[in-house]
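A.B. asks: Sequence:
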Amino acid sequence: MNLNNIRIVLVNTSHPGNIGGVARAMKNMGLSRLYLVEPRQFPDEQADWRAASAADVLDTAVVTESLEEAIADCQFVVGTSARGRRISWPLLDPRQCAERMALASNDEQVAVLFGREDRGLTNDELKLCNLHLNIPTSEDYSSLNLAMAVQVVCYELRMLLNSPLLPKTEDEEWDTPFTTGENMERFYSHLEETLTDIEFLDPAAPRQLMVRLRRLYSRVRLDEMELNILRGILTETQKWVSKSKKKLPK
Numbered sequence: 001m002n003l004n005n006i007r008i009v010l011v012n013t014s015h016p017g018n019i020g021g022v023a024r025a026m027k028n029m030g031l032s033r034l035y036l037v038e039p040r041q042f043p044d045e046q047a048d049w050r051a052a053s054a055a056d057v058l059d060t061a062v063v064t065e066s067l068e069e070a071i072a073d074c075q076f077v078v079g080t081s082a083r084g085r086r087i088s089w090p091l092l093d094p095r096q097c098a099e100r101m102a103l104a105s106n107d108e109q110v111a112v113l114f115g116r117e118d119r120g121l122t123n124d125e126l127k128l129c130n131l132h133l134n135i136p137t138s139e140d141y142s143s144l145n146l147a148m149a150v151q152v153v154c155y156e157l158r159m160l161l162n163s164p165l166l167p168k169t170e171d172e173e174w175d176t177p178f179t180t181g182e183n184m185e186r187f188y189s190h191l192e193e194t195l196t197d198i199e200f201l202d203p204a205a206p207r208q209l210m211v212r213l214r215r216l217y218s219r220v221r222l223d224e225m226e227l228n229i230l231r232g233i234l235t236e237t238q239k240w241v242s243k244s245k246k247k248l249p250k
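Residues 1 to 250 in our numbering are what the sequence shown lists, from first letter to last.
Incorrect hints may have been included.
[Unchecked claim] Computed list of lysine to aspartate or glutamate pairs in EDC-like fashion (alpha-carbon distance at most 20 Å, straight line):
1) K239 / E199
2) K247 / E236
3) K239 / E193
4) K27 / D56
5) K127 / E193
6) K247 / D197
7) K246 / E236
8) K239 / E192
9) K245 / D197
10) K245 / E192
11) K127 / D223
12) K127 / E185
13) K127 / D73
14) K127 / E68
[To be verified] Each pair of labels, with its calculated beta carbon distance range:
15) W49 / A204: 49 to 57 Å
16) A204 / N2: 45 to 53 Å
17) R116 / E139: 17 to 25 Å
18) K246 / E117: 48 to 56 Å
19) E139 / M225: 42 to 50 Å
20) R116 / M225: 18 to 26 Å
21) S138 / S244: 53 to 61 Å
Calculated from the structure, these hints are not laboratory results.
Ideal Cβ placement from N, Cα and C applies to all residues, glycine included.
Between the sequences and the hints, there should be enough to build the whole structure, so can you do that?
C.D. replies: Next up, the structure:
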């Protein structure tokens, strides 16, 4: 496992003190890469105060204008989710998820997303993830402070550093690098465009088609060669659609 390849991404954090608390939780467990997507207040004295001796994590934090920018170069993205969704996504607890992230971090960029204090991540943001992480809590009181949630995930990663062996997965000895989030977004745009061209997708009534296709491809994870093959198929499909339209009688 390479903790330097794992980033914690906070989306639209409203209270600067929570950013400082997250920095402290990260440093406790040996993580240092913090990304902030449109924080309401940062830099801020409250963040510095809550960070205590983790000021270096705040100093090197990367602030971005969008979530897509924060995870553009990542091959494995995990989104924290506290509630059920209309269309379910692969869901793991922190311990199971830490094993997946630890193995991926050897050769890939990994991101763990945490949403707003009051409502978490939106459905559109969760669609950008390969899988979702849920922290089991008591039904009597399920609310977790943001820094506490980050601490739980970072703790599970830290425990694996001391583990002599990690269970192998089919991804471990893959022959081609997995594609990045940025390239996957280009693929989804190309796919939607092609499905519209062949009239399989009606833009006026898309239903949940693209959401389900995102879930499919996120679940299997595409490598760069596989993505290029699929993009090539889409391109050739569009060429044939264009040719057929030209042959239609006017």
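A.B. asks: Evaluate each hint against the coordinates.
C.D. replies: Here is what the structure says about each hint:
1. Taking the CA atoms of K239 and E199, the gap is about 15 Å. The hint holds against a cut of 20 Å.
2. Taking the CA atoms of K247 and E236, the gap is near 17 Å; set against the 20 Å cutoff, the hint holds.
3. Distance restraint check for K239 and E193: the Cα-Cα separation of roughly 13 Å lies within the 20 Å cut-off, and the hinted pair is therefore satisfied.
4. A threshold of 20 Å between alpha carbons decides the hint, and for K27 with D56 the separation of about 9 Å falls inside it, so the pair holds.
5. With a C-alpha separation of about 18 Å, the suggested pairing of K127 with E193 holds against the 20 Å cut-off.
6. Simply put, K247 and D197 have alpha-carbon atoms about 16 Å apart, close enough for the 20 Å limit, and the pair holds.
7. A hinted pair counts as satisfied when its Cα atoms are at most 20 Å apart, and K246 with E236 qualifies at roughly 16 Å.
8. Restraint check for K239 and E192: satisfied, since their Cα atoms lie roughly 15 Å apart, inside the 20 Å limit.
9. At roughly 10 Å between alpha-carbon atoms, K245 and D197 fall within 20 Å of each other, so this suggested pair holds.
10. Under the criterion of a C-alpha separation no larger than 20 Å, the hint pairing K245 with E192 is consistent with the structure, at around 19 Å.
11. The hinted pair formed by K127 and D223 meets the criterion: a straight-line CA distance of about 18 Å does not exceed 20 Å.
12. For the hint linking K127 to E185, the alpha-carbon distance of about 11 Å falls within 20 Å, and the restraint holds.
13. Distance hint between K127 and D73 is fulfilled; the C-alpha atoms sit about 16 Å from each other, no more than 20 Å.
14. Among the hinted pairs, K127 with E68 is consistent with the structure: their alpha-carbon atoms are about 11 Å apart, no more than 20 Å.
15. The beta-carbon spacing between W49 and A204, approximately 52 Å, falls within the hinted interval of 49 to 57 Å.
16. Checked against the given bound of 45 to 53 Å, the beta carbons of A204 and N2, roughly 46 Å apart, stay inside it.
17. At roughly 23 Å, the beta carbons of R116 and E139 sit within the given window of 17 to 25 Å.
18. Taking the beta carbon of each, K246 and E117 are about 55 Å apart, inside 48 to 56 Å as hinted.
19. With their beta carbons about 46 Å apart, E139 and M225 fall inside the hinted range of 42 to 50 Å.
20. The hint said 18 to 26 Å for the Cβ distance between R116 and M225, and at roughly 37 Å that hint is violated.
21. For S138 paired with S244, a C-beta distance near 60 Å keeps the hint of 53 to 61 Å intact.
Of the numbered hints given earlier, the model fails hint 20 alone.
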